[in-house]
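Note that the protein sequences, when read in sequence, are chains Y and L. With the working numbering applied, the first sequence corresponds to residues 30 to 318, in that order. With the working numbering applied, the second sequence corresponds to residues -9 to 144, in that order.
No wet-lab data here; the hints were simulated from the structure. Keep in mind that a hint or two might mislead.
In silico EDC-like links for lysine to aspartate or glutamate, alpha-carbon gap of 16 Å or less [unchecked claim]:
(1) Y:K238 x Y:E310
(2) Y:K238 x Y:D270
(3) L:K132 x L:E81
(4) Y:K252 x Y:E173
(5) L:K132 x L:D107
(6) Y:K71 x L:D29
(7) Y:K238 x Y:E191
(8) Y:K71 x L:E81
(9) Y:K71 x L:E7
The lines below spell out each chain.
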Amino acid sequence: MFPPAFAYSAPESLDEALATLTNEGESARVLAGGQSLIPMMKLRLASPAHLVDINNIPGLDYIDAANGYLRIGALVRHNDIVNSELVTAHNGAIASAAPWVADPLVRNRGTLCGSVAHCDPEGDWNSVMLAARAQVVAQSTSGERVIAIDDFVVDFFTNSLEPGEIVKEVRVPKYAGRGGGAYLKLERKIGDYATVAVATQLQLGEDGKISEAGIALTAVNNKNTRAIAAERALVGEEPSDEIFKEAAALAAQAAEPESNVRGTAEWKRNVVSVYTRRGLEASLAQARA
Amino acid sequence: MQINITFNGTAQTSDVEPRQLLVDYIRGTGATGTHIGCDTTSCGACTVLVDGTPMKSCTMFAVQANGKSITTVEGLKQNGDLHQIQASFKEKHGLQCGFCTPGMMLTSAALLEENPDPSEDEIRWAISGNICRCTGYINIVKAVQHAGEQLRNS
Ligand SMILES: Cc1cc2nc3c(=O)[nH]c(=O)nc-3n(C[C@H](O)[C@H](O)[C@H](O)COP(=O)(O)OP(=O)(O)OC[C@H]3O[C@@H](n4cnc5c(N)ncnc54)[C@H](O)[C@@H]3O)c2cc1C
Ligand code: FES
Ligand code: FES
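All chains, please: the whole structure from these sequences, using the hints.
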């Protein structure tokens, strides 16, 4: 299989890439790891007239933890995250999700930023980013724009980028005090997309009460979705089995899964509840460690 | 578009259409050891090493290999001798039909470069993007362990 013909450019600077994207308008697409875009092009589900390959742009493969954020540049591959001590030190949910994204070969090539941009409701990263309150740094020829992840993930395969914008970086605020996070994913076989997955993140105040809570769900809605009522139930509370159970039940209510080959809707909702509770327990243990 | 690739150690210049997939480019040169299994990024039969890292060549364009070093199963052999991973797959019967074998060996060779003494779990995890429909993986794991031992002792 091969895709329809397209024009190709492989700029060696971000400015050059942005200029090409601006000139080509809506007919151009960014090519990052290509692990979603190329299969879609081969199946002719996507047929961009122009591909702007960003893989040759130096300086976009950074992970750093300066100035209050853990920052992940556009060319950081999933596998770079698996191997990053900086990520492990600063964000439990990102660290625990990375090994469960796709398979090792795809992880060697696919990027976190590409995945975030792709907005596949079965993709893992946007749930993690919603739970961790990420920000997307979008760059265009007219400058930089910071987009809260809640505003970035619009719908099924739809983000809020304007034509001409590139995701330069995705960043998450560092924990204010003690914090922890987890990503629990149920898959049919290793390397598969999620049947159901839940991202959780907790932060504790000086008094040991929950100061911030993030919970987001994968593959059970038409986009990755925050379980906002469940988060609210936790904030200000002393961590306990009871409050985690209550949050888990509320998270299950935020899921609107479909019955399909991966399981029935009722069962998936049940998995959301169990994984939310386990994820909160793991997040708490990490925050207290 | 003109591309320059180091293909199995030899510099090579070619003219390719941007939409040509790397796997088709490779097979077009006559090096048919790189297989197309699924053609949908799912099986790993098309695995090649791109600057030493295993990737699915059905999910990369040939133009993206410009300036890179590509190693296929044909490039594993050194000075006419089988690479240890090849010798071990033979020794431990790490294959049946052989369709997955080139990709499996390249992924395994890259693993052993990084981790010369992997545990069984680490081996199974590393090859989890390469699907084998025949062996049940048992002899593949044995072959990788055997290659690791031989390489450590050599
Ligand atoms: C077999 C297989 C299994 C997989 N399993 C999983 C899984 O379990 N979980 C999971 O989350 N994902 C999975 N994936 C998808 C994988 O994570 C991809 O790497 C990811 O979805 C896309 O990242 P990419 O860098 O490859 O992006 P590309 O394919 O290059 O691009 C995807 C889309 O995002 C846009 N884009 C990319 N980068 C940018 C940028 N910097 N700025 C603006 N737009 C951009 C592109 O234009 C395109 O529309 C799987 C893929 C395969 C092939
Ligand atoms: S042929 Fe490339 S992954 Fe199957
Ligand atoms: S030996 Fe037949 S697919 Fe692996």
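Practice item. Enumerate the violated hints, using their earlier numbering and listing them in ascending order. Key: Hints 4, 7, 8 not satisfied by this model.
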